[in-house]
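Protein chains in written order, with the working numbering: chain V, 481 to 842; chain S, 116 to 302; chain Z, 1327 to 1458.
Since the hints were derived computationally from the structure, they do not count as laboratory data. One thing to keep in mind: the hints can contain errors.
[Stated by the list, open to error] Pairwise CB distance ranges (calculated):
no., chain 1, residue 1, chain 2, residue 2, range
1, V, 566, Z, 1337, 48 to 58 Å
2, Z, 1339, V, 527, 48 to 58 Å
3, V, 816, S, 163, 23 to 33 Å
[Claimed, not checked] Derived lysine-lysine pairs resembling BS3-like cross-links, with alpha carbons at most 30 Å apart:
no., chain 1, residue 1, chain 2, residue 2
4, Z, 1423, V, 623
5, V, 795, Z, 1434
6, V, 764, Z, 1423
7, Z, 1403, V, 538
8, Z, 1377, Z, 1400
9, V, 661, V, 623
10, V, 661, Z, 1433
11, Z, 1433, V, 538
12, Z, 1403, V, 623
13, V, 795, Z, 1433
14, S, 247, Z, 1434
15, S, 121, Z, 1374
16, V, 483, V, 764
17, V, 804, V, 575
18, V, 661, V, 770
19, Z, 1434, S, 151
20, Z, 1341, V, 538
21, V, 535, Z, 1333
22, S, 125, S, 151
23, Z, 1456, Z, 1403
24, S, 257, S, 125
25, Z, 1434, Z, 1399
No residue lacks a Cβ here, since even glycine has one placed at the ideal position from N, Cα and C.
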Amino acid sequence: MSKKIVQIPLGSQHISLLEPVKFKFSCENEKIIDVDSDVGFVHRGIERACTTKFKYDKIAYVVARVCGLCAITHSLTYTMSAESLLEGEVSMKAKYLRVLMVELDRIHSHMLCLSHVSENAGYEALFMQIMGDREPIMNLQEKISGNRVQFDYIDIGGVNRDISLSVEDDIKVSLKELRGKIEDLINEFENNYTLSLRFKGIGALSLKEAQEFNALGPIARAAGLVTDVRSESNDLPYSEIGFKIVTSSGGDIYARNMVRLHEILNSITMCENIVSGIPEGEIKTKFKGKPNGEALFRLEAPRGELMYYVKGSSKPMLDRLRIKTPTFASIPAFVEIFKGQEYANAPAILASFDPCMSCTAK
Amino acid sequence: MFDLKKYRKKSPWILHYNAGSCNGCDIEILASLAPKYDLERFGVLNTGNPKQSDVFLVTGPVTFRSRERLVELYTQMPSPKVVIAVGSCTCSGGVFRDMYNVEDGIDNYIPVDVYVPGCASSPELIIDGVVKALEILEQKSKEIELPKKLFGTIKEEEGVLNLREMALSVAQKSEQINAQKSEQNEN
Amino acid sequence: MSSQFIKAFTNLFKKPQTTTYPQDAIERTENYRGLIEYTENECIYCLKCEKACPPGAILFVPCEDPVPNDKNKKSLKYEYNPWLCIYCTECIRACPKAELALTQSDKKPQIGVKGDRVNSEWTILEQLKKGV
């Protein structure tokens, strides 16, 4: 009996997808041979508008709307690369407050990905429990900056609001309760039959393939590659507050879940160290001049490495702005993982990548 | 007796589509189905099937590539149906107004009933929007059963149609038309 | 397995996590960013808030019979669109009389229905402003 090749689409509207993306799988008796991907549904033309419509001090609010999950990382990277072209200096207190918001953002983004993965495995009760445990973090973000998602907190020169003593006490109490719940979750993800047996050995990426196809973020760290931007540069005070790289081996879905859970524990330690040791200072200093020259800056978003290139020539409008996002650079690794897997596992593998399509097609 | 008009608003099923947004409003819709702000108390269930749903939740300014899929999903839903536009981008374009690949707001393509503001909206505002949309759904469900073109006038007593009087008024009108035609034939 | 049974048993005696929203109001935190409010007598018509807004939700449109005010030399009127605003507080940081003429309250914005001035009517106001 000859084998027939069938094309099955996972279209732009699907119940397990939060974003529009189209994949066409070529399958031969339920094993995937080849993948054809289409990611241009969310392209809005932001880079062109930043050089014609908005001035250089308003771009931090526009660029935050490229992606809603890693919003504050985009506006912090733009602000730090524009500040290197102007004259002035940011105080130490503003740097500590910026790192606090970035780490709280990382905690809530990883918890959302974990709940999505367990919903795709069929365990819907755990999906509801993790979303319920995530609510105190959203409440903390609203107390510090005024809104649950899309903070609008970072501007050229520092931050927009100060932090008071009652909010600091609330942060300490909430993070202590959250640590106990995450340790229960680690126990659950290791020992439960549904979650551990279903995911071992599926969607694997070996160390050699991760180097060859340039994977980034938790996908690369789960395969054994030691790469993290937070340990490579010195502009933000990461080494003083106790940062550690987390890696695992194997590269399948089980290893990626473990890497994300241990990163949440590390972020909780870092936030507690920040709150107990904020220095004195001003929250915003004035910067002079107009941007002149070229600048490049990198930062670690929850999904990998994010890079910005800014070019100006002493005018209120910039000449060129270029954004490189982590999901865009990992698409060759995604396509390589799909080959050889069963077709029915495709939504579970896609949810464990944690793709952010609105970052990919800006 | 089983009255479909009264019980249709007790279990609305929703369909959610992302037409090019930044995902901020989508994770707030997912958080409003979570235990703290529970939309499932109103009987709401999130299925991915347009042929089985009553309420259409859209987010994002419509980009040039995703507008065909939006109109196809709207025509596949059976009436009566309600459309809710969630977020500032969906209502009028938001920050992306006048960018080159964006058609501002979904008003230009499908008729919208409820506009929910905010960037990003919070689950509290989404619950307000859904409660208002359910009242509009009840009103549309009553209007769909009223015949409009066949009978001349609509007479109602305490919410129940009075069919005998409506038939009498049609009979009087058809007698008048017949009388006018016979006058014209004589002339 | 037995730890799951103990946890399920103790959950019987705890309060539910759900807030009963439309009947009881939700507690708002103090710094919540809500609607922008405008007081006409304090305004000096310097137009700095219009230049500072990123999406352009505040417009000063020429009209025929404005409220009589000494500082309003070109007969302009203030228009605001809560369905285009992104609630970022840039206009209040740019205003020279910050808490008097333009303030940010903590009320939540209202839900719109058909007939409110959301999209196509706002385009008419934008063209009025450019045409002069």
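Inset, instruction - Sort out which numbered hints this structure fails and list those numbers smallest first. - result: 5, 10, 12, 13, 15, 16, 18, 20, 21, 25
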